[in-house]
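Chemist: Given the coordinates of chain P, assemble chains D, U and R onto it according to the supplied hints.
So the chains spell out like this:
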Amino acid sequence: MDFWAGYASIALFLIVAVLFGLVTVILPKVLRLLGIVPRKPDPVKYSTYECGMETIGPSWVQFNFRYYVFALLFLVFDVLVVFLYPWAVSLRGGGWAAFWAMGVFVAVLFAGLVYAWKKGALEWR
Amino acid sequence: MAIRTQPVTINIGPQHPSTHGVFRMRVTFDGEVIVGLEPIFGYLHRGKEKLAEARTYTQFIPITDRQDYLASMTNNWAYCLAVERLAGIELPERAEYIRVLVGEMMRISNHLMALGFFLNDCGAWQTPLLYMYREREKLLDLFDMLSGQRLNYNYMRLGGVSQDLPPEFLPALKKFVAEMPGYIDEYEQLLATNEILLARSKGVGILPAELAISASASGPVLRASGVKWDIRRGDPYSVYPRLQFEIPTGQQGDAYDRFWVRMQEMRQSVRILEQALAAVEQMPPGVYRAKVPALVRPPRGEVYSRIESPKGELAYYIVSDGGIAPWRCRIRGPSQINLTALKEMVVGWKLADLVIVFGSIDVVMGEVDR
Amino acid sequence: MTQPLSGREVAARIGREIPGAVLLADGLGIWVRPGSVAQVARFLKEAPGLEMDYLNNLTAADYLDYIEVVYHLSSMKHNHSLAMKVQCWGPQEPEVPSVYSVWLGADLQERECYDMFGVRFVGHPNLKRLLFWEGFEGHVLRKEFTG
Amino acid sequence: MAVNPPASPGPGNPWLELDRTEGLAIEQLRAATGVPLTDPAAWIDEEVERGVLLTSLDALLGWGRRYSTWPAAFGLACCAMEMVATAASRFDISRFGMEFFRPSPRQADLMIVAGTLCWKMAPPLKRIYDQMAEPKWVVAMGQCAISGGPFAEYVSVVPGVNHIIPVDVYVPGCPPRPESLLHGLRMLHHKIQTEGSGLKRGR
Numbered sequence: 001m002d003f004w005a006g007y008a009s010i011a012l013f014l015i016v017a018v019l020f021g022l023v024t025v026i027l028p029k030v031l032r033l034l035g036i037v038p039r040k041p042d043p044v045k046y047s048t049y050e051c052g053m054e055t056i057g058p059s060w061v062q063f064n065f066r067y068y069v070f071a072l073l074f075l076v077f078d079v080l081v082v083f084l085y086p087w088a089v090s091l092r093g094g095g096w097a098a099f100w101a102m103g104v105f106v107a108v109l110f111a112g113l114v115y116a117w118k119k120g121a122l123e124w125r
Numbered sequence: 001m002a003i004r005t006q007p008v009t010i011n012i013g014p015q016h017p018s019t020h021g022v023f024r025m026r027v028t029f030d031g032e033v034i035v036g037l038e039p040i041f042g043y044l045h046r047g048k049e050k051l052a053e054a055r056t057y058t059q060f061i062p063i064t065d066r067q068d069y070l071a072s073m074t075n076n077w078a079y080c081l082a083v084e085r086l087a088g089i090e091l092p093e094r095a096e097y098i099r100v101l102v103g104e105m106m107r108i109s110n111h112l113m114a115l116g117f118f119l120n121d122c123g124a125w126q127t128p129l130l131y132m133y134r135e136r137e138k139l140l141d142l143f144d145m146l147s148g149q150r151l152n153y154n155y156m157r158l159g160g161v162s163q164d165l166p167p168e169f170l171p172a173l174k175k176f177v178a179e180m181p182g183y184i185d186e187y188e189q190l191l192a193t194n195e196i197l198l199a200r201s202k203g204v205g206i207l208p209a210e211l212a213i214s215a216s217a218s219g220p221v222l223r224a225s226g227v228k229w230d231i232r233r234g235d236p237y238s239v240y241p242r243l244q245f246e247i248p249t250g251q252q253g254d255a256y257d258r259f260w261v262r263m264q265e266m267r268q269s270v271r272i273l274e275q276a277l278a279a280v281e282q283m284p285p286g287v288y289r290a291k292v293p294a295l296v297r298p299p300r301g302e303v304y305s306r307i308e309s310p311k312g313e314l315a316y317y318i319v320s321d322g323g324i325a326p327w328r329c330r331i332r333g334p335s336q337i338n339l340t341a342l343k344e345m346v347v348g349w350k351l352a353d354l355v356i357v358f359g360s361i362d363v364v365m366g367e368v369d370r
Numbered sequence: 001m002t003q004p005l006s007g008r009e010v011a012a013r014i015g016r017e018i019p020g021a022v023l024l025a026d027g028l029g030i031w032v033r034p035g036s037v038a039q040v041a042r043f044l045k046e047a048p049g050l051e052m053d054y055l056n057n058l059t060a061a062d063y064l065d066y067i068e069v070v071y072h073l074s075s076m077k078h079n080h081s082l083a084m085k086v087q088c089w090g091p092q093e094p095e096v097p098s099v100y101s102v103w104l105g106a107d108l109q110e111r112e113c114y115d116m117f118g119v120r121f122v123g124h125p126n127l128k129r130l131l132f133w134e135g136f137e138g139h140v141l142r143k144e145f146t147g
Numbered sequence: 001m002a003v004n005p006p007a008s009p010g011p012g013n014p015w016l017e018l019d020r021t022e023g024l025a026i027e028q029l030r031a032a033t034g035v036p037l038t039d040p041a042a043w044i045d046e047e048v049e050r051g052v053l054l055t056s057l058d059a060l061l062g063w064g065r066r067y068s069t070w071p072a073a074f075g076l077a078c079c080a081m082e083m084v085a086t087a088a089s090r091f092d093i094s095r096f097g098m099e100f101f102r103p104s105p106r107q108a109d110l111m112i113v114a115g116t117l118c119w120k121m122a123p124p125l126k127r128i129y130d131q132m133a134e135p136k137w138v139v140a141m142g143q144c145a146i147s148g149g150p151f152a153e154y155v156s157v158v159p160g161v162n163h164i165i166p167v168d169v170y171v172p173g174c175p176p177r178p179e180s181l182l183h184g185l186r187m188l189h190h191k192i193q194t195e196g197s198g199l200k201r202g203r
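Protein chains in written order, with my numbering: chain P, 1 to 125; chain D, 1 to 370; chain U, 1 to 147; chain R, 1 to 203.
Incorrect hints may appear among the rest.
Unchecked claim - Pairs of lysine to any residue residues, derived as SDA-like cross-links and limited to a Cα-Cα distance of at most 20 Å, are as follows: (1) U:Lys85 with U:Val122; (2) R:Lys126 with P:Ser47; (3) U:Lys143 with D:Ala325; (4) P:Lys45 with D:Asn11; (5) U:Lys128 with D:Gly36; (6) U:Lys143 with D:Gly36; (7) P:Lys40 with R:Arg65; (8) U:Lys143 with D:Leu51.
Stated by the list, open to error - Label pairs and their calculated CB-CB ranges: (9) U:Gln3 with R:Ala31: 50 to 56 Å; (10) D:Arg85 with P:Tyr46: 33 to 39 Å; (11) D:Gly301 with U:Glu144: 22 to 28 Å; (12) U:Gly90 with D:Arg85: 32 to 38 Å.
Think of the hints as simulated: they come from the structure by calculation, not from any bench.
Model, not experiment: these values are computed from the prediction.
Even for Gly, the Cβ is constructed at its ideal location relative to N, Cα and C.
Extracted from the complex, chain P is given alone in its bound form (with noise of 0.2 Å):
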C-alpha cells in the first residue's frame, strides 16, 4: 500500500502546482467580467514606458556576442544543477560509485568552463 503513498504526495503536489498557475490566470478574467476590476483600454496605456517619453528607435538591434556566450555557460551550468539535486538527494544510497559517476560529469563540463575562461568569454570588456 505504501507504494502508492509516494505517488500520492506527488499528485498532491502537481494538482496544487497546476492549481496555483491556472487561478492566478483565470482570476483576473472572473474578476474582470464581474466587473469588479475595471477595464480602461487606452492607447498610450499600452505604450512602452520609457521614464514618461516615447521611446527612441527599434529595440530590435544588432548587438554584441559576448552577451550570447554569457548566455551559453549560463543555460549549461544551470541543467548541471538540476542533474545535481536527485543525485545530491540519494547520494547515501549511491555510495562512491555515484559519486564518481557524478564526479565525471561535473568535470567534463568544467573542462567547458575553463576552455570559455581561457578564450576570455569572462572578460566584460
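Modeler: Positioned in the frame of chain P, the structure of chains D, U and R alone reads:
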C-alpha cells in the same frame, strides 16, 4: 573581426529613480557601454531670476529657500551676503556666528542625504539611507526649533537672522555635536572599506584635475579631483578666518573620492560647530540683527559674492539700479555647472556606472533648473 | 583672500598684445569689443602673469538699449579675479563669439544665456535652448518679456 | 509609437527633429488645458443606490485596496524630500501598507505629485498617469502641485496639477510636514473605502 553592432538610444528620463529629481539624459549605448550622453534640463525651471526682478530684496529670501532645497540655509546666506555687500550692511558678531552654526549644520545634513542617495544608487538599497536619515531627523529637529520649519526655513534676514537661538537650542546642539563623530565612525566602519562599494566606485567616472578646473566644477567634486580650493579658505567670508578646519581632498577624482571627501567634510563641519558653539555661548543673547529698513535700497552698482555651499561655489550676481527690487539677480548654482563635465566622466563606462557617477556628483534639481 | 585685479592694468597688458580689443576699463573689470572676445579670453587664460583658468560665472543682463554679457573669471594658481564684460548694442540680435573652446564650463551657461536673452554664441557646438522647450517663442529674462 | 533616431548626426543639434516634436507636444497640451479637471468625487452621490449584497463586497474590496496602495515615486521638487522623509523610519509610511515607492507606473496605484509641475514636465506626467493601471488615485502634495505655489505667475509653471490629471486629495503646505502628508493619505484611505468596488462605473 570586428562585430558590427548598432547603438541604442534610451531616455534616462525625467521620472527615473536614479536622477534624484527631474533630470533627463538621452544616452546612446553600444550594448551596455555608453557611447554618447546628452543632458536635458528645464523640467523644474521655475524662473527664480525673473521672479527676483518683481520682488523687493527681503521678499526674495523665501524664494532662495526653494532653490537648493537640501541646503536652504546656505542659499539664504549666499543671497543675504550678496545684498549686504552691495548695500554695505554690517552684521553683529552674534549673527555671524549663528550663520556659521546654521551653515555647517546644513552642510552635514546635505552630505548625509548626498551619501545616502549615492549608496542607494550603488545598490545598498535604503539601509545606509535610513541610517543617515536617523541623523538628519535630529538635525531637522534642531532646525525646527530654530525656525519652525523642517525644510525651507526662511531664517536669515538682511543684516542677520530672523530670531535668536531659543534657550534649549544650544544644549541640544551640543549633545548632537558630541554624538556625531561617533556616527561618522559608524558609517566609515560600515562603508569605507566595503568591498562592494570599492569595487563599484573605485576608479569609476574619473574627473581629472585640469578638466575639473576647465569645466568650472566646484565643491566636493573639485576637491575630489585633488584641487585644494575651498571658498571658506580661498575667499573667506563671515568669521571663517577665525575658525580652524582642514580641507579634505581626494587623489584620483573618482566616485569613491567624492564619497570620501564628503565623509571627511562632515568631520570638519563638526569641528567648526564645536568652535562656533564655544564662541556663541560666551556672547550675551539679544543682538542678532543689524538695524535694516524693511525696504532696503542698495546704491547703484553690482556685486558678485560667493560662498561655499555644500555643493560648491554658490554665488549671486546682483545688479542694483537704486530701486527696491534688484535689476538683475543671477544665481550661479554649483549643481548645474558641476554637470558640465558629466559627458566626459561617463562616456566609455556602463549604464550601472552612469547611475553611480551621477549620484556621486550630488545634484539637486531646484538648483540645476532654477 | 581673492584679490580682484584692477581693470586698468589688465587692459594695458591686453592692449599691448591685442590692440583695440579693450574699449573701457575701470577698477573692477574690463569692457571688450564683441568681436575679439575669444582672443582676449585665450590671452587671459594663457598669459604668464594672469592664468585665468577658472570661469566662475557667465551671464547676461538686459539694460534696455543694450545687453551686457558678463564673464567672472578667476585664477586657481594666483587666486585673483577679474570681471570681463561685453556690450551688444543695436536692434539686431546680439552676437558674441563663444568661449567654449577656452573654458569647458561655458557650455551650459552660454546655452542658458541664449535661452534667456537670445544672445547667439558663435562657435558653440550645440547652441539650443537649455531650460525651455524647442518652439517656445521669446526670451524670458529680457525686460520686454512679460509673459 | 517609437520615434526614429536622426539619420546623420551632423553638426549642431542632431536631435533637432525630436526636440521639435517634444516641444510641439508641450505647446499642444498647454493650449488644450484651461479649466482644471473636476475631482473624481463620485463617491459622494454613491451612497443612495447601493444594494445590501454589495456593501459587504465593497467593504472587503475597499479594505483591500485601501491598505495596499503603492505610491509611484513622482518627486519633482522640495516636497519630494518631505515625501522621502515620510517614507523614512521616523514617519513610517509602511504602517499604511505603502511600503514600496514603485518607480514604474505599472506597479503603482497612487501617484503623489510632490513639487512644482512645469509645462515641460506636463506631457510626461500625463503619459505616466495614463500608463498606470486602474484603479488609480492622485495626491497633489504641496502648494505648487495644488495651485502653482510661489512660482504660479511664471510662464513655465502649470498653475495646479489638476489642469492635467484629476486629483483626489490635496495636501497643502510648502512643503507639507510628513504628518500632514500622512493625514492626507488617511483621507485618501477614507475615500477609497467609501468608493467601494465601483461596480457601477468601472472606476
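Chemist: Are D:Gly301 and U:Glu144 spaced within 22 to 28 Å by their CB atoms?
Modeler: holds (24 Å)
Chemist: The hint says 33 to 39 Å between D:Arg85 and P:Tyr46; measuring C-beta to C-beta, is that right?
Modeler: Distance hint for D:Arg85, P:Tyr46 is violated at roughly 58 Å.
Chemist: Mind checking the alpha carbons of R:Lys126 and P:Ser47 for me, to see if they're no more than 20 Å apart?
Modeler: Holds - the C-alpha atoms of P:Ser47 and R:Lys126 are around 13 Å apart, at most 20 Å.
Chemist: Verify the proposed pairing of U:Lys128 with D:Gly36, using a straight-line Cα cut of 20 Å.
Modeler: Judged against 20 Å, a Cα distance of about 18 Å means the pair holds.
Chemist: A range of 32 to 38 Å was offered for this pair. Does it hold for the Cβ distance of U:Gly90 and D:Arg85?
Modeler: holds (33 Å)
Chemist: Is the straight-line distance between the alpha-carbon of U:Lys143 and that of D:Gly36 20 Å or less?
Modeler: Not OK: U:Lys143 and D:Gly36 at ~37 Å, beyond 20 Å, violated.
Chemist: When you check the alpha-carbon spacing of U:Lys85 and U:Val122, does it fall within 20 Å?
Modeler: holds (17 Å)
Chemist: U:Lys143 and D:Leu51 were given as a pair; does the straight-line alpha-carbon distance stay at or below 20 Å?
Modeler: Holds - the C-alpha atoms of D:Leu51 and U:Lys143 are around 12 Å apart, at most 20 Å.
Chemist: Is it true that the CA of P:Lys45 sits at most 20 Å from the CA of D:Asn11?
Modeler: Holds, because 18 Å separates the two Cα atoms, which is no more than 20 Å.
Chemist: Checking one constraint from the list: CA of P:Lys40 to CA of R:Arg65, max 20 Å. Satisfied?
Modeler: OK: P:Lys40 and R:Arg65 at ~18 Å, within 20 Å.
Chemist: Given the hint of 50 to 56 Å, check if U:Gln3 and R:Ala31 actually sit that far apart at their C-beta atoms.
Modeler: Given about 54 Å between the Cβ atoms, the range holds.
Chemist: Take a quick look at whether U:Lys143 and D:Ala325 sit within 20 Å of each other, Cα to Cα.
Modeler: holds (14 Å)
This entry does not satisfy hints 6 and 10, going by the numbered hints stated previously.
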